[in-house]
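Using the hints provided, position chain L relative to the given structure of chain H.
Each chain is listed here by its residues.
Number of protein chains: 2
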Amino acid sequence: MPFWLKHYRRELLAGDLAAGVIVALMLIPQGMAYAMVAGLPPVAGLYASILPPIAYAVFGSSMVQSVGPMAITSLMTGASLAAFAPPGSALSVVLAGQMALIAGVVLFLSGVFRLGFLAGFLSRPVMSGFTTGAALLITGGQMEPLLGGPPAAIHLPSAIIGVSSLLTLWAAKQYLAKALRALGLSTRVAETLARLAPVAVLVVATAVVGVLGLAQGGVKAVGEIPSGIPGIALSVSAEHWRALLVPGVLVAFMIFLSSQSAAQSLAQKRGERITTNRELLGLGAANVASALSGGLPVTGSISRSAVNYSAGANTPLASMISAALVVLILVVPTPCVSLLPLPALAATIILAVLGMIDLTTLRDSWRYDRGDAGALLATVAGVLLLGVEEGVILGVVLSLATLIWRTSRPHIAVIGRIAGSEHFRNVERHDVETLPAVLMLRVDADLYFGNVDAVVDRLESLLKARATQGRVTCHVVLVMSAVSLIDTTGLYALTEISRSLRAQGTKLHLTEVKGPVMDRLQQSDFLGKELSGQVFLSTAQAFRHLAAEASQAG
Amino acid sequence: MPFWLKHYRRELLAGDLAAGVIVALMLIPQGMAYAMVAGLPPVAGLYASILPPIAYAVFGSSMVQSVGPMAITSLMTGASLAAFAPPGSALSVVLAGQMALIAGVVLFLSGVFRLGFLAGFLSRPVMSGFTTGAALLITGGQMEPLLGGPPAAIHLPSAIIGVSSLLTLWAAKQYLAKALRALGLSTRVAETLARLAPVAVLVVATAVVGVLGLAQGGVKAVGEIPSGIPGIALSVSAEHWRALLVPGVLVAFMIFLSSQSAAQSLAQKRGERITTNRELLGLGAANVASALSGGLPVTGSISRSAVNYSAGANTPLASMISAALVVLILVVPTPCVSLLPLPALAATIILAVLGMIDLTTLRDSWRYDRGDAGALLATVAGVLLLGVEEGVILGVVLSLATLIWRTSRPHIAVIGRIAGSEHFRNVERHDVETLPAVLMLRVDADLYFGNVDAVVDRLESLLKARATQGRVTCHVVLVMSAVSLIDTTGLYALTEISRSLRAQGTKLHLTEVKGPVMDRLQQSDFLGKELSGQVFLSTAQAFRHLAAEASQAG
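Chains as they are written, first to last, in UniProt numbering: chain H, 1 to 554; chain L, 1 to 554.
Everything labelled a hint here was simulated from the structure, so no lab data went into it.
C-beta atoms are modelled at their ideal positions from N, C-alpha and C, and glycine is treated no differently.
Footprint (simulated), chain L over chain H, 3 or more residues, beta carbon under 8 Å:
1) 110 to 124
2) 406 to 415
3) 518 to 529
Pulled out of the complex, with its shape left as it was, chain H reads as follows (with noise of 0.2 Å):
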């Protein structure tokens, strides 16, 4: 039994059940609508709106988060499913498990042994840059829906309905909240009836087509929703789980990504600590649950976990209310929800994923790191032009290239004593003592495989540099204080440069090693054998030491 339902305290019921009754608003038709945008019947929604959200409350580690389909997850499902199964199709329905059951078991898996650190393998602009590009995909990939055919061929009532419930949202979320904060509401009440305007959209928009009779008119709506819970049906074809393994794989990374977002930007607002590990096991269990009860790919969602927060929600109890309203409506006879116009529905997703294009994380980033606002604009022109799994690895691919980019070329000062002190800095900006045959190099960076070839070659050109000005070395000190990492690469480098220094009759010395540092390198042959000179504790111990052996020779 997980920890919140063994401490369950009555006076939190209250608060729950709102929240589960208001999520469950939005849940059922931002199920539906995310279905059709992964390609899949309106129903593979609420599939995945039951099991997951339970499946996520044992095992998950966020008290409010609300689990179910999400915009880029879906569209991840349906880039990847469109070239083996029509839309709407049976087949794709049997995908969609699958890829929600791979998924299910990377993050699982992932969760058990750990692997949450690879969350750093995106930055926050390259995020950004994804989540612009996919709205701005989905939002193209809605208009059809919302304007009853293609733009040479619109169908006039749809039009009418899907633009209509467009500006009637844009509108509510421009308005609404503060026009009822003017009615004397509280801002966190009017703020949750805000977010409910969408179904008060559908509401009247299904009522509209039921009244008018549009349905027989050629406005397309949900349609007849199957009574009851299917089970699992998994394809057989090993070409299917062969082709849909690395798609499953970066579904995977953005549910993991997607979710974690929203649970931390949750938890420091209920002072809340989300384990990564724990949740990647909320997350693998919910997809597996999914993939088990026909629904698609799931994953926290931002603006429904925050309704959930903001609505009262407590604990997972909230997301089982909402659970069990999802029921509900697949068993119980609601001829109502068949006629929810798809134009409608599409003016729902579109109102949700315009709101994720990020202009402001660009505008920052532009004006303080252009490296990474390039990464955006090519994370996004990879969405848009390259396709989305393909924008994934591409914002990967651009994330560490950036890193290993900025952290090729490390500051390396040459520096000296502050006369008659214990410190040390940089020659060009101090005025400082130096001794004449000793170089004195701070390396401000770790060694590792991305800069070392540039280490190297900074040494060798000050010495070279030091030659033609006639000046011998005898001895290179290097200060190892920023130093808190020499990966294999790095001491294959310090190996090098020791045995080249040797060759032209320089000691090596090294100084201010931090303890994990040293006692990584007690473990090589570097010290024992490599190393040409001294180990020092402090830089001016080192002064010190080779200022008296230069006066003894001298």
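Just chain L now, kept in the frame of chain H:
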């Protein structure tokens, strides 16, 4: 006209001439052998040994690099072509040229755009794992030519030639140089002559085949070498171009890395500098030249370049002399070459690549850093089980994953002042003074997308621990002396930290911010709008200021 040619001095000629002849003796059989590894007719390897070294001589930066076909790049070429064209077919020749063209253009553009830093995408242990895996794959692939047939149907005369060649080569590698030195030759001459053992073995094997008429007995030989040099032939199929794009980029990456390590080790011996981006231009030009003359992807060969160097090469003229000698083989009728038996050629390949199996790096990294050793072994397994292209990609992913993993949990020390000094140290290791309501932290890492979550987590848990101990925290001071980089994601994390502290009534201060980091922060809103406290120049100043504030308040 390249720099070296403009300043050519007569006394350099003797060395270049000797090296040119000796390298040609290696290059002719190696070129044919590596063409076989790529599944191409042997002559393609000769074509690839003419124009590419000349193009490299014009654009490249190393004086002694021997550019031509090489084991790893040939293996990659063969693996990529196998899906489209049967080995040895005319189409395979066309597609190999096409791959060289793609690789050449990619390399040349990378040089133009100064992308040499991308070599930092592969750590040395992973590169070693890749090389070892490739050597094992090549050895496996040469067993059939060595034995004249598959294990179940060995062709006895072929197997005798192959195995005896292999044993002779092995013995020569072990003992020949020593024996020659014992006869009074200098180390350099002895080693250079020993490197020509494969040539001697091939000459003897060819003579045996010719004299005994074994070609009629089923021993496969190189066969007729068409005379003359072919022009360019490229496929017009868009599908081929698309399919070869990714393999072409990957082979370009390996061309660069292989050549880079060869060029660097030799430049170090010669006291020269390699300019990475010039190197890219040189390799790009060489591969385009190879594509234009019926060749395959080429790179700098570490073994041939070492022979070139020790045989006395002073400038790229040596390589041009080798190229001229290869032309001679093609233009002058040389019936002997056609009798060169494939089993003996396979033996030279196997002996060459067995030298690439690198257990030293495995042993070193196993002792020094298990993560690196694991990445090495995983790359070997990846190359053997998944394939050579997948192996490169896996290697890049593993290099970067170990990087992200290592830097994902940076060291953060709570610090205090050593009484009576201006020095600040870790409270856990030193006896230091602290101010009751102040938490001082030193962040020992750059703040980038891969570690910001861990930094935020650590700060939160420290604050929570203080709160449980009943200690109030009015000020948090971040000591930034070890922070050389804050990327956009890091900036957002700082903003979140500042906001969340402000909400708890705690001020955030920064000290010892490095110049370039400060310049960046001043371009953002952070210092003006978000930071609730101050930026102090030194930690000591911050300590004094906050101590004075506390005593005034008290």
